[in-house]
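Asks: Use these hints to put chain B onto chain A, whose structure you have.
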Amino acid sequence: GAVVSQHPSWVICKSGTSVKIECRSLDFQATTMFWYRQFPKQSLMLMATSNEGSKATYEQGVEKDKFLINHASLTLSTLTVTSAHPEDSSFYICSVGGGNQPQHFGDGTRLSIL
Amino acid sequence: GIQVEQSPPDLILQEGANSTLRCNFSDSVNNLQWFHQNPWGQLINLFYIPSGTKQNGRLSATTVATERYSLLYISSSQTTDSGVYFCAVEAYRDDKIIFGKGTRLHILP
Numbered sequence: 154g155a156v157v158s159q160h161p162s163w164v165i166c167k168s169g170t171s172v173k174i175e176c177r178s179l180d181f182q183a184t185t186m187f188w189y190r191q192f193p194k195q196s197l198m199l200m201a202t203s204n205e206g207s208k209a210t211y212e213q214g215v216e217k218d219k220f221l222i223n224h225a226s227l228t229l230s231t232l233t234v235t236s237a238h239p240e241d242s243s244f245y246i247c248s249v250g251g252g253n254q255p256q257h258f259g260d261g262t263r264l265s266i267l
Numbered sequence: 018g019i020q021v022e023q024s025p026p027d028l029i030l031q032e033g034a035n036s037t038l039r040c041n042f043s044d045s046v047n048n049l050q051w052f053h054q055n056p057w058g059q060l061i062n063l064f065y066i067p068s069g070t071k072q073n074g075r076l077s078a079t080t081v082a083t084e085r086y087s088l089l090y091i092s093s094s095q096t097t098d099s100g101v102y103f104c105a106v107e108a109y110r111d112d113k114i115i116f117g118k119g120t121r122l123h124i125l126p
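Just so you know, the protein sequences line up as chains A and B, in that order. Per my numbering, the very first residue in the first sequence carries number 154; after that it's consecutive. Per my numbering, the very first residue in the second sequence carries number 18; after that it's consecutive.
If we strip away everything but chain A, and leave its shape as in the complex, we get:
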């Protein structure tokens, strides 16, 4: 199955900072990647679908200007949390796959905004 690498694992930064999270598909060319957010003791919620070479598709209630997604190549998607605030603190995780193939997830990024 696909191997997905996500960086960084942990980020702690001050309020107002922008944070970029990378998701790399190491052995699979992914035209689509998915970004999820998980708050403590809750399930994973799909934020957006990242599409290679075109705009991302955001789920209802997710601010596209707040969470910038770029999918410039078949192996890399980035999520930038702009002007992060404490309420953006969460666990962010990406995945590759779908269709008739299983989803493979990165190890996630724990974001803490002070």
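Source of the hints: derived by calculation from the structure; they are not laboratory data. Glycine included, C-beta positions come from ideal geometry on N, C-alpha and C. Heads up, some of the hints might be wrong.
Per label pair, the in silico range of CB-to-CB distance [as the list claims (entries may be wrong)]:
| hint | chain 1 | residue 1 | chain 2 | residue 2 | range |
| --- | --- | --- | --- | --- | --- |
| 1 | B | G33 | A | K173 | 45 to 55 Å |
| 2 | B | K71 | A | H160 | 30 to 40 Å |
| 3 | B | V81 | A | S236 | 42 to 52 Å |
| 4 | B | W57 | A | G214 | 25 to 35 Å |
| 5 | B | P26 | A | Q213 | 36 to 46 Å |
Replies: Chain B in isolation, oriented as in the chain A frame:
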């Protein structure tokens, strides 16, 4: 959109016990996966099982697609089985993967 319900929400068992976790979904699915999320947040892929039955060691899973449910069986539980188990489905009409709320399993030594 598709609804995914998992039960029970919480389960506490003694080491060595068996357990059955259930996932109900409200529409036809292209695929269904069971994951174990460990304390560090990593999602471990247990089964890719849109239909039928699979076994892997002490774990097995069955999906009855026509009746829109899947079951995860854990036999002879160990403390390392503790964590949250998620069912995730991709609806037939949609590319999105939707997660259930999970079952939090705690195995006591």
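Asks: Are the hints correct? Go through all of them and say.
Replies: Results for each hint:
Between G33/B and K173/A the C-beta distance comes to about 46 Å, which sits within the given range of 45 to 55 Å. Range check, K71/B to H160/A: Cβ separation about 32 Å, and the 30 to 40 Å hint holds. Evaluation of the 42 to 52 Å hint for V81/B and S236/A yields a pass: the beta carbon distance comes to about 47 Å. Evaluation of the 25 to 35 Å hint for W57/B and G214/A yields a pass: the beta carbon distance comes to about 28 Å.
Taking the beta carbon of each, P26/B and Q213/A are about 25 Å apart, not inside 36 to 46 Å as hinted.
Checked against the numbered hints given earlier, this structure breaks only hint 5.
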